[in-house]
Amino acid sequence: MNYTVNQIANITNSKIIGDGELIIKNIAFDSRIIYSTKNTAFIAINTSKNSGEKFIESAIDRGINIIISEHHYSQFDNITWIIVENSVEFLQKLAKYHFKNCHIKSIGITGSNGKTILKEWLYQCLWNEFPTVKSPKSFNSQVGLPLSLLQINDVHRLGIFEVGISKPNEMEKLENIFQPQIGLLTHIGTAHLANFKSEDELIDEKIQLFKDSEVIIYNGDNTLVDKKLNDLYSSKKLISYGLSDSNQVYFKNSISKDEKFTFQYFDEEISFPVHQKDEATLTNVLALITILKELGVENQNIIEKINALKAVEMRLEAIEGIKNNIVINDSFNLDLDSLKTALQFLNEYKKPKKSLVLTDIVGVNSNSKELYDEVSELVNEQKFDSVFLIGNEISKFSDLFKAKIHTFINTKELIDSKHLTEIENQIILLKGARKFEIEKIKDVLELRKHDTVLEINLNALLHNINYHKSLLKPATKMMAMVKANSYGLGSYEISEFLQHHHIDYLGVAFVDEGVELRKKGITVPIVVMNPEQHSYETLIQYNLEPEIYSFRVLELFYEALQKSGYDKNYPIHIKLETGMHRLGFKYFELDDLVEILNKTTLKVQSIFSHLSSSDLPTEKEFTLHQLETFEKNSSYLIEKLRYTPIRHILNSSGITNYTNYQYDMVRIGIGMLGESPNSEIQKQLHSVVSFKTVISQISLVENGESVGYSRRFKPNQPTKIATIPVGYADGIPRLIGNQIGSVGVNKTLAPIVGSICMDMMMINVDHIPNLKEGDKVTVFNAKPSLKEFADYCKTITYEVLTSISPRVKRIYVKD
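The letter at position 464 of the sequence shown is residue 463 when you use numbering that gives the first Met the number 0, and the numbering goes up by one with no holes.
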């Protein structure tokens with residue numbers, strides 16, 4: 000987009016305060032991840048759950064001088080304002096106008112699963128055929144789609160956009176904005192079905208997008224989809240794809256046995272080699288082929304594109320580096336869109352110093368000078384300490400970059416220079432085109448080299464938090480429990496992410512945990528749930544807030560506070576005993592508690608208790624008794640204090656099962672990791688943690704031979720056994736050996752055989768074809784799930800996660 004403020008005001012019937020001749024090329028909606036302020040306006044989006052207007056000051060502090068808002072704030076000088084009636088409707092109106100006047104060929108993708116992967120695959124296949132624009136990340140909502148459409152500029156000839164809905168009546172608004180010429184309907188599944196009366200209603204809502212499409216390509220394996228599209232859109236060109244031969248595009252041969260696939264496209268047959276055989280991938284490949292054929296791509300060219308197609312790594316990963324560095328690895332692809340995304344991700348970290356490794360942008364059909372002018376402009380706004388440029392093309396424009404610049408012909412030359420190993424206490428972003436193999440730089444910089452990794456998906460964690468928030472009132476605060484190293488996931492990394500996303504409180508068990516977070520730059524309030532008496536001085540020094548659960552603790556803490564010289568009201572959190580009989584003040588102690596508190600400079604920041612059985616339907620009566628006790632005792636304490644602290648009692652299962660008792664704040668722990676005892680809630684949550692390793696060796700064990708210590712497994716026929724490099728020193732309990740537990744290999748469960756060793760274990764893979772050494776193994780994630788793995792161990796998910804050894808490398812990813 001490229002409009003003046005006056006033009007945008009005329010298009011949207013909005014009011015201007017300030018300079019109407021300023022140019023707007025980008026609209027930012029999140030003040031935390033503004034990567035460029037030049038020709039950028041910040042829009043304050045107001046929803047039923049939040050108001051973007053409270054972040055206007057933050058956007059202005061970052062250098063934004065154009066604000067789009069429903070209200071004008073006169074205290075900000077020298078700012079141009081576009082005042083709108085409704086911020087979301089403003090975006091949609093502007094995007095509708097912009098799309099209508101761009102005249103590009105467009106593909107609209109909707110469905111339950113596969114939208115983002117197909118969008119990325121199509122982009123990989125088509126960017127060098129046509130100048131192409133696509134939705135960034137998963138921008139497909141009432142706000143995301145308009146922001147995506149506003150990226151279209153004069154050079155683009157093709158646009159690929161995701162369109163997502165989560166409840167009825169949303170698609171009508173999106174179809175009013177965007178009418179794709181080619182419509183693609185992917186698999187219809189259970190995602191978002193909870194908000195619809197039936198699958199019928201969900202399909203009817205989705206296919207509204209195609210009212211003005213010329214061609215509709217759809218997964219015809221769903222007979223209901225096939226019938227509805229043929230009934231409603233019989234006058235359009237309809238093409239069905241799928242695994243069934245009733246479709247116009249389908250596979251002719253076995254998808255499990257053959258090394259080459261032959262697929263039928265109407266009357267044509269095309270064959271290509273097999274890479275992945277799972278049904279979801281193959282179905283997506285059929286959709287991809289169908290669109291490429293529709294756009295006139297030749298068969299041989301299609302085969303070449305599929306052979307070159309990499310599995311889309313739609314993620315950035317953060318890993319712990321040598322010399323106290325954080326390494327952000329985004330070495331999977333490189334274009335302007337993905338560079339902007341990486342720079343946004345970088346802004347979520349608070350390291351004061353940062354460096355960038357950046358390669359040539361390969362295969363972009365545009366003027367090199369114009370391209371690297373824009374690249375350098377984006378990079379320079381980030382104020383990197385050092386920039387390492389790799390490639391002949393980008394090195395020609397090194398004078399455009401403002402930092403300590405180093406240029407190299409290839410990745411090996413940079414590694415050999417030893418410059419990277421001299422960097423300390425920084426965040427290092429690796430951003431490169433695939434051909435430069437800059438993942439080799441990650442191998443040099445990462446601290447731990449273990450093939451066994453614990454992968455934490457931060458987007459999934461945020462989704463789970465937002466799902467729980469959706470059950471609450473907008474004003475209800477949330478405390479995230481990050482004790483025990485965030486249940487083994489990494490205390491600082493999780494806390495940093497939560498702080499960036501405006502969590503209200505963090506909860507830790509001991510003072511040392513809170514001190515570590517403070518030292519690394521965490522500034523949000525931190526409650527210490529079990530402050531030990533020798534740690535009070537440190538607690539006060541680092542502005543941590545103690546749980547007070549007894550008169551002894553209260554007396555000792557206040558004594559330490561007086562000795563420290565602290566002369567203001569210090570926040571404390573009063574724990575009430577409501578039936579768990581672990582810690583807390585009882586009802587008959589409250590009068591004495593108030594009498595003591597009124598003589599101190601302590602301020603009761605919150606009053607809380609803990610539910611023992613909120614996850615058990617059989618204990619509902621007891622839980623309700625706890626809640627009644629808390630209501631009675633906390634109300635009495637507030638009456639006596641004569642001010643109103645925050646109240647909170649609900650944990651993760653409490654949020655979902657006893658929502659009416661949310662009070663002023665709730666506490667989330669295992670729920671944010673995607674675990675719930677409620678099967679219906681579990682369907683709405685995303686898995687956060689994946690424990691992964693690889694196959695070290697595959698051996699054929701003959702009949703009568705044995706496996707492992709004490710010869711505990713002896714096959715009765717020749718059996719393939721794989722050894723994997725993970726053992727009880729990594730957190731795998733020995734009790735799940737000898738065919739009690741299993742791990743996942745190629746989406747198939749492989750039983751653990753023999754005794755689990757300290758650093759490795761053996762699995763039976765005789766029933767799994769086409770395995771090779773180096774293939775991935777899932778200890779837990781989807782198959783087996785974390786809950787299933789905990790069941791093998793005869794324990795709970797908390798214990799499984801907190802038992803994973805520190806030597807296991809943690810990787811933090813964002814899809």
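Hints are computed from structural coordinates only; laboratory data are not their basis. By construction, the Cβ of each residue, glycine as well, lies at the ideal position given by its N, Cα and C atoms. Please note that a few of the clues may not be correct.
No more than 30 angstroms apart at the CA atoms, straight line, and that leaves these computed lysine-lysine pairs for DSS-like [unchecked claim]:
id	residue 1	residue 2
1	Lys235	Lys172
2	Lys786	Lys775
3	Lys382	Lys519
4	Lys196	Lys210
5	Lys482	Lys226
6	Lys401	Lys382
7	Lys482	Lys786
8	Lys99	Lys236
9	Lys585	Lys639
10	Lys448	Lys519
11	Lys104	Lys196
12	Lys322	Lys368
13	Lys339	Lys236
Now the in silico label distances, taken between C-beta atoms and shown as ranges [stated by the list, open to error]:
id	residue 1	residue 2	range
14	Lys472	Lys166	55 to 65 angstroms
15	Thr658	Tyr586	36 to 46 angstroms
16	Gly773	Ile795	25 to 35 angstroms
17	Ile795	Lys518	43 to 53 angstroms
18	Glu438	Ile10	43 to 53 angstroms
19	Thr658	Leu294	17 to 27 angstroms
20	Ser243	Leu446	29 to 39 angstroms
21	Ser57	Glu88	18 to 28 angstroms
22	Gly773	Arg156	38 to 48 angstroms
23	Thr537	Asp60	26 to 36 angstroms
24	Arg806	Ile15	26 to 36 angstroms
25	Tyr586	Ile795	36 to 46 angstroms
26	Glu438	Asp774	34 to 44 angstroms
*asked:* Given the hint of 43 to 53 angstroms, is the C-beta distance from Ile795 to Lys518 inside that range or not?
replied: Violated, at about 31 angstroms.
*Straight-line Cα separation of Lys482 and Lys226 no greater than 30 angstroms?*
Violated, at about 53 angstroms.
*Can the restraint linking Lys401 and Lys382 be considered satisfied, given a maximum Cα separation of 30 angstroms?*
holds, 8 angstroms
_Between the alpha carbons of Lys448 and Lys519, is the straight-line distance 30 angstroms or under?_
OK: Lys448 and Lys519 at ~24 angstroms, within 30 angstroms.
_Does the beta carbon distance between Arg806 and Ile15 stay inside 26 to 36 angstroms, or does it fall outside?_
At roughly 59 angstroms between Cβ atoms, Ile15 and Arg806 fall outside 26 to 36 angstroms, so the hint is violated.
*Would you mind confirming whether the straight-line C-alpha gap from Lys235 to Lys172 stays at or under 30 angstroms?*
The hint holds at about 22 angstroms.
*Take the C-beta atom of Tyr586 and the C-beta atom of Ile795, compute their distance, and say whether it sits inside 36 to 46 angstroms.*
violated, 31 angstroms
*Range hint 17 to 27 angstroms: satisfied by the CB atoms of Thr658 and Leu294?*
Given a distance of about 49 angstroms, which is not inside 17 to 27 angstroms, the answer is violated.
*Look at the Cβ atoms of Ser57 and Glu88 and judge whether their distance stays inside 18 to 28 angstroms.*
Since Ser57 and Glu88 have Cβ atoms about 24 angstroms apart, the given range 18 to 28 angstroms holds.
*For the pair supplied as a hint, Lys322 and Lys368, is the alpha-carbon distance within the 30 angstroms limit?*
Not satisfied, since the Cα-Cα distance of roughly 36 angstroms exceeds 30 angstroms.
_Holds or violated: the 29 to 39 angstroms window for the beta-carbon distance between Ser243 and Leu446?_
violated, 49 angstroms
*Under the criterion that the straight-line Cα-Cα distance not exceed 30 angstroms, is the pair Lys339, Lys236 satisfied?*
Distance ~37 angstroms between Lys339 and Lys236 Cα, so the pair is violated.
Hints 5, 11, 12, 13, 14, 15, 17, 19, 20, 24, 25, 26 from the list above are not met by this structure, while the remaining hints are.
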